[in-house]
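Residue numbers (the numbering used here), protein chains in the order written: chain A, 1 to 86; chain B, 1001 to 1293; chain C, 2001 to 2394.
Where hints are given, some of them may not hold.
Stated by the list, open to error - DSSO-like, lysine-lysine: derived pairs with alpha carbons at most 27 angstroms apart: (1) 1005(B) with 2215(C); (2) 2017(C) with 1287(B); (3) 1197(B) with 1013(B); (4) 2339(C) with 2320(C); (5) 2203(C) with 2320(C); (6) 1223(B) with 1235(B); (7) 1050(B) with 43(A); (8) 2002(C) with 1276(B); (9) 1050(B) with 2004(C); (10) 1005(B) with 41(A); (11) 2004(C) with 1284(B); (12) 2215(C) with 1276(B); (13) 1282(B) with 2215(C); (14) 1282(B) with 39(A); (15) 2004(C) with 1276(B); (16) 2214(C) with 1282(B); (17) 1013(B) with 2214(C); (18) 39(A) with 1284(B); (19) 2253(C) with 1013(B).
Derived by calculation from the structure, the hints in this document are not laboratory data.
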Amino acid sequence: MIEVREDWCKGCNICIDRCPVDALEESDILNRRGIRPPKLKEKNDCNFCRLCELICPDLAITVFPDEKEKKPVKKTLLTPVGGKTK
Amino acid sequence: MVGIKTADELNKKFLREGMWPTIFCNGCGHGVVLEYTFWALEELGLDMDKVIFSSGIGCSSRLPGYINADGLHTTHGRAIAFATGIKAADPDFHVIVFTGDGDCAGIGGNHFIHAARRNIDMTVIMINNFIYGMTGGQLAPTAPLGSIATTAPYGNIEHPFDICNLACALGANYVARWGVSHPYQPIKSIKEGIQKKGFSLLEFLAPCPTAYGRRNKLGDIKKHWAWYDNNTILKEDLEKIMKYGTEQEKEQVKEKIPLGVFQDIQKPGFFEAYEKLVDRLKEKESKPKGAKK
Amino acid sequence: MKYKRDPKRIREVLGKKVQFILGDIACVYGGLLAGVSFFGGYPITPASEVAEGMARRLPRVGGVYIQMEDEIGSIAAVIGAAWGGSKSMTATSGPGFSLMMENYGFAVMTETPCVIVNVQRTGPSTGQPTLGAQGDMMQVRWGTHGDLEALAFAPSTVQECMDFTIEAFNLSEKYRNPACVMTDGEVGHLRERIVIPDEKDLKLIDRTPATIDKKDFIPFTNSQTIKNCKVPDFPTFGTGYRTYVTGLTHNEKGFPATDKQPDHERLVKRITEKIMDDADKLVMVEEMNLDDADIAFVTYGATARPAESAMEMARKNGMKVGLLRLKLVWPFPDKLITKLAKDVDKIIVPEMNLGQIVHPVNEYACKHCEVVSAPKIGGEMHLPMELYKYLEGK
């Protein structure tokens, strides 16, 4: 699942545009700026790659693999591709 | 290795309370650079009390205000000179300068040149959006030839400044340029830049849909961000194509902006050299007068 | 290693207690005694000797000397170092002082303690680089944009170059405002005997550090440790207060409040009042023969020397002449001048410019007496005889 701080979202839709598996869409709700923050599509292939989380200019998105346990995804380390792990 | 955090946890740690959301326009790249910096700092696990931010004037220079750390928001172009003083006061500080293309390459060019030449221990994160965004879209020294700005309404006829090239020539220890749409390389680069002793420069090509994209007819946010993907090329790829590619391939990449790490060397930083000088003087004076070596 | 003031080491570096040295070097001595640990400078005649003296001595006491790329960079680095916890200073002359005006204002707005030694030369522009003048006395007060109060000393002797540099640090640290030592090419390049004060006679004031709980700390408001003090406590960078310091109009927490009139008024009033509330206490003057004087010189800096000679000549000839020498020119000793104007018939203000300090003198004399300007420019000091002629009214 993704969690969106709706009041932080400015509606640039970069997350929707950049999602590699096209899992995001605009939601139906309007936030106080009058824009529609993103949400996961009902049927989606989200693999928790966290690109939307990393690329959001307003730091508004957080990705959780598990709705109850709000822990980050372990499989995608932040250590960049080709980089050394400590 | 530090525990992996979610963006939410990261925000709680690094953002100053009550300052977010930013003043930046929709689709601006500055927030992304800030987030990459957070991730890099998180990975490094530095004591945030000892990380000091300095900035000049402009959109990019508003960034330290959002960070829960000591920040000096200075006069236009002078951030690097202020940072020199901050670092001189306490060698334990990690000094990070946020600056823009106008701030760093325009009005602050001289301070930049000399800080790089002296190899002062600091990390300069220059966010280049090809325009003076905060004042409403005037011509920047990095603006591509032919681009439109309010003060270049018929197209820019000045040659743009390649600040990475300049930094390499000055012998900066670490020089890299990245876009904002791919997270991993920039985060790694910022990390390396902060760890590096001596001067490190990180240039980010950040979209400015409001002041730059709109005037230059680069389309909406989506298209504007795509422009950066289509018009940049990895430095290594560019080198290979220029060496082995066909004429047609060369023609295609000729105009593209190279990305990557341009310089990664280990020259002693200014304060390292200064400490040695102080030690040398101490040693010399501790010897009795008239004694031969 | 962070700098720590080591009195023993400083005295080793300074050498003998009594010396015969240059005015510029005396400023270096003053800085070192006050505990300066950062000097950012740029060569300019006639102030280069200050930078040279610092470059030679500062590394030996463990401080940092950097020759910056220009005067703008110098003052910027000095302010940065001050926020990092250093006592820091720079030295320059007229053209460099003009360049510094932008960040001088920044230091006022952000309440940064630092010291600028201005070895004045004549202008406008490049002027006469090797010759002295007093052309920046108004610039230090009004040169940068906006409302501010200046702290400016004017030494007349080499001994005072040292003493006033120490004193400038004290006032700067106390009021968290940049302080200037407005010496001139004449005194700066003069060699005289000086006596270095003993450590026990040295009174040094340090900025009040922020000590209260980090949650309750407000960086830009009245002091939270000293009662009724408009100077805020200093949250040195790296001590965990995580202060945001900006030259924009800021609220008490330090965050930009550029579109709020009350915030701007409160801020700028406080940074001027913190000095002006104490203006009467800050008066530093030397009075000579003023008890029975009919005519008085009001002067400062190098010009006080020929004025004193002229006064002595006149006294020998039976004229009742006195002299008021301003040691601290800004804040201006307004009440003292008004009182003096009531006591004497005529005030003569000799200056090495076309009349700068004569204006506030005239203003505060309140038409109680005649105020005459005695200017001389071109890099030469007044001859006592020239000033004597003013006394005779010629």
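The hints, checked one at a time:
1. 1005(B) with 2215(C): holds (25 angstroms)
2. 2017(C) with 1287(B): This hinted pair holds, its Cα atoms lying about 23 angstroms apart.
3. 1197(B) with 1013(B): holds (26 angstroms)
4. 2339(C) with 2320(C): Distance ~17 angstroms between residue 2339(C) and residue 2320(C) Cα, so the pair holds.
5. 2203(C) with 2320(C): Given that 27 angstroms is the threshold and the Cα spacing comes to 37 angstroms, the pair is violated.
6. 1223(B) with 1235(B): Satisfied, since the Cα-Cα distance of roughly 23 angstroms is no more than 27 angstroms.
7. 1050(B) with 43(A): Cα-Cα ~46 angstroms, so violated.
8. 2002(C) with 1276(B): Between residue 2002(C) and residue 1276(B) the Cα gap is close to 15 angstroms, so the pair holds against 27 angstroms.
9. 1050(B) with 2004(C): holds (19 angstroms)
10. 1005(B) with 41(A): Holds: residue 1005(B) and residue 41(A) sit about 25 angstroms apart, inside 27 angstroms.
11. 2004(C) with 1284(B): Roughly 21 angstroms separates the two Cα atoms, so the pair holds.
12. 2215(C) with 1276(B): Violated: residue 2215(C) and residue 1276(B) sit about 40 angstroms apart, past 27 angstroms.
13. 1282(B) with 2215(C): Outside the cut-off at roughly 43 angstroms; violated.
14. 1282(B) with 39(A): violated (65 angstroms)
15. 2004(C) with 1276(B): OK: residue 2004(C) and residue 1276(B) at ~18 angstroms, within 27 angstroms.
16. 2214(C) with 1282(B): Measuring from Cα to Cα gives roughly 39 angstroms; hence the hint is violated.
17. 1013(B) with 2214(C): holds (16 angstroms)
18. 39(A) with 1284(B): Violated, at about 69 angstroms.
19. 2253(C) with 1013(B): Distance of about 19 angstroms is within 27 angstroms: holds.
Hints 5, 7, 12, 13, 14, 16, 18 from the list above are not met by this structure, while the remaining hints are.
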